[in-house]
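Asks: Sequence:
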Amino acid sequence: MKSKEEILQSYYTQNGADGMPEISAQDLLKAMEAYKDQCVADAFANARKLIDGITSKASYAFATLDDYIESTQLPIIKTETDELAEAVALVADSILPNFLPDDSATTELSFDFNMQGTGYTAFYKKDAKGYWQLSRWIAL
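Position 73 of the sequence shown, counted from 1, bears residue number 73 in this note's numbering, the numbering being contiguous throughout.
I should point out that these hints are in silico values taken from the structure, not numbers from a laboratory.
Treat the hints loosely; a few may be bogus.
As the list claims (entries may be wrong) - Subject to a maximum C-alpha distance of 35 Å in a straight line, what follows is the list of computed DSBU-like cross-link-like pairs (lysine-lysine):
1) K78 - K30
2) K30 - K2
3) K4 - K36
4) K78 - K36
5) K4 - K30
6) K78 - K125
7) K126 - K78
8) K4 - K78
9) K36 - K2
As the list claims (entries may be wrong) - Listed next, with one range per pair, are the computed distances between beta-carbon atoms:
10) K36 - Y12: 49 to 55 Å
11) I95 - S71: 43 to 49 Å
12) K36 - D127: 47 to 53 Å
13) K126 - E86: 56 to 62 Å
14) L96 - I76: 31 to 37 Å
Glycine included, every Cβ here is placed at the ideal spot set by N, Cα and C.
Produce the entire structure from the sequences given, and follow the hints as far as they go.
Replies: What follows is the structure in structure tokens.
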């Protein structure tokens, strides 16, 4: 394992006017990343030794550090969203309190509203818990 000083030494550039070695901000960042990567790799190797008691390679959960890092990455799930449907639901939900019926026995209601110059009708149904849920909507 290289020491911090050895890693920094490899990134130093020419000596400055005062004769002292200099390092640019970009090179300092690279040196810090190199040191971090080295520490992570060493910690991984030491943890494997501690867990396995220096047993055969077949008993390792991860063969290499790269395998471990890859296993910790979260997959990026792209979901296609219908922005119009989300916008209509948001607007309808925000104005729903203005249209709630006085009769608690009512289980369905609908109302019309305008959004961005287009008319829509929202249809709501009361669920088993008594909450109003948007069941569907149509553009007029």
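Asks: Hint by hint, say whether it matches the structure.
Replies: Comparing the hints with the structure gives:
1. A hinted pair counts as satisfied when its Cα atoms are at most 35 Å apart, and K78 with K30 qualifies at roughly 32 Å.
2. The straight-line distance between the Cα atoms of K30 and K2 is roughly 15 Å, inside the 35 Å bound, and the hint therefore holds.
3. With a C-alpha separation of about 10 Å, the suggested pair K4 and K36 falls inside the 35 Å cut-off, and the hint holds.
4. Among the hinted pairs, K78 with K36 is consistent with the structure: their alpha-carbon atoms are about 31 Å apart, no more than 35 Å.
5. Between K4 and K30 the alpha-carbon distance is near 12 Å, which keeps this suggested pair within the 35 Å criterion.
6. At most 35 Å may separate the alpha-carbon atoms for a hinted pair to count; K78 and K125 meet this at roughly 30 Å.
7. For the proposed pair K126 and K78, the alpha carbon gap of about 32 Å is at most 35 Å, so the pair holds.
8. Pair hint K4 plus K78 does not hold up; C-alpha atoms about 41 Å apart against a cutoff of 35 Å.
9. Between K36 and K2 the CA atoms are separated by roughly 11 Å; this keeps the pair inside 35 Å, and the hint holds.
10. Between K36 and Y12 the CB atoms are about 19 Å apart, so this pair departs from the stated range of 49 to 55 Å.
11. Between I95 and S71 the CB atoms are about 47 Å apart, so this pair conforms to the stated range of 43 to 49 Å.
12. Evaluation of the 47 to 53 Å hint for K36 and D127 yields a pass: the beta carbon distance comes to about 51 Å.
13. The given range of 56 to 62 Å is broken by K126 and E86, whose C-beta atoms sit roughly 22 Å from each other.
14. A hinted range of 31 to 37 Å for the beta carbons of L96 and I76 is consistent with their spacing of about 34 Å.
Comparing the model with each earlier hint shows violations of hints 8, 10 and 13; every other hint is respected.
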